[in-house]
Amino acid sequence: MGTKPSLLQAAAHGDVSLVKLALERGEVVDIKDENGWTPLLFAAREGFEGVVRLLLYYDATPDLPGKTGSTPLMWAAFTGHEGVVQILLERKAKVNAQNVVGATALGLAAQSGHASVVQLLLNCGATVDLADSDGWTPLMQAARISHTDVVRLLLNNKAQVNAVNDQGKTALHMAAAEGNNGIVRLIQEFVQQCETPLEFTSSMI
Numbered sequence: 001m002g003t004k005p006s007l008l009q010a011a012a013h014g015d016v017s018l019v020k021l022a023l024e025r026g027e028v029v030d031i032k033d034e035n036g037w038t039p040l041l042f043a044a045r046e047g048f049e050g051v052v053r054l055l056l057y058y059d060a061t062p063d064l065p066g067k068t069g070s071t072p073l074m075w076a077a078f079t080g081h082e083g084v085v086q087i088l089l090e091r092k093a094k095v096n097a098q099n100v101v102g103a104t105a106l107g108l109a110a111q112s113g114h115a116s117v118v119q120l121l122l123n124c125g126a127t128v129d130l131a132d133s134d135g136w137t138p139l140m141q142a143a144r145i146s147h148t149d150v151v152r153l154l155l156n157n158k159a160q161v162n163a164v165n166d167q168g169k170t171a172l173h174m175a176a177a178e179g180n181n182g183i184v185r186l187i188q189e190f191v192q193q194c195e196t197p198l199e200f201t202s203s204m205i
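Oh and the sequence shown: position 21 is 21 in UniProt numbering, straight run, nothing missing.
These aren't lab readings, by the way, just hints derived from the structure by calculation. A few of these clues could be false.
Claimed, not checked - Cut-off 27 Å, straight-line C-alpha distance, at most; resulting in silico cross-link-like pairs (DSSO-like, lysine-lysine):
#1 K67 x K20
#2 K32 x K92
#3 K20 x K92
#4 K94 x K20
#5 K32 x K20
#6 K92 x K158
#7 K32 x K67
Whole structure, please, built from the sequences with the hints as guidance.
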């Protein structure tokens with residue numbers, strides 16, 4: 001097994017001093033390991049804001065993905081590091097970028113239940129209904145796992161309740177299938193308040 005170059009090691013451990021030293025002696029800021037991970041990807045995933053800022057100061061590419069196509073923004077959103085998400089968005093990271101399975105930062109944040117990150121991404125232009133390669137929208141992801149605050153946020157930001165995935169399932173299906181009765185009620189109440197012509201029949205769930 002080979003050892004990681006010192007910049008990758010330092011970034012992965014959040015050591016700002018060692019990151020700075022490695023960069024000052026000329027290590028490539030966007031260097032990748034054998035799995036396609038860059039220093040910025042490691043730092044974003046772990047929430048090391050100081051390292052993220054330093055790497056970007058040295059012109060790290062904000063949207064450079066790993067082998068799966070996931071960007072630093074996606075990892076920060078998935079792991080709930082709001083500060084890193086904010087930093088990356090300030091550096092014009094692509095808010096609607098998709099990885100190899102079509103996942104977005106918003107979808108990953110919704111799946112993980114990070115409501116504050118979801119709100120931040122929406123405020124910065126994330127497309128609320130952008131689905132992954134299987135047709136799953138952020139609302140479906142949140143409804144399946146019963147992240148009530150996220151579901152409410154997405155509904156209030158005009159997520160399409162009647163959107164269907166590749167299997168013809170809606171967010172309501174997801175919630176009902178997992179026994180998430182609170183989410184089922186929330187969606188039904190939202191639809192009734194908005195007077196959306198959606199039929200909640202036994203055939204749907």
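A quick look at each hint next to the structure:
1. With a C-alpha separation of about 26 Å, the suggested pair K67 and K20 falls inside the 27 Å cut-off, and the hint holds.
2. The hinted pair formed by K32 and K92 meets the criterion: a straight-line CA distance of about 22 Å does not exceed 27 Å.
3. For the given pair, K20 sits about 23 Å from K92 by alpha-carbon distance, which is consistent with the 27 Å threshold.
4. Between the alpha carbons of K94 and K20 the distance comes to roughly 26 Å, so the proposed pair stays at or under 27 Å and holds.
5. Of the pairs offered as hints, the one joining K32 and K20 holds, with about 17 Å between alpha carbons and a cut-off of 27 Å not exceeded.
6. In summary, the hint linking K92 to K158 is supported, as the alpha carbons are separated by about 24 Å, within the 27 Å threshold.
7. Using a Cα cut-off of 27 Å, the hinted pair K32 and K67 holds, with the two alpha carbons roughly 10 Å apart.
In summary, the structure agrees with every hint in the numbered list given earlier.
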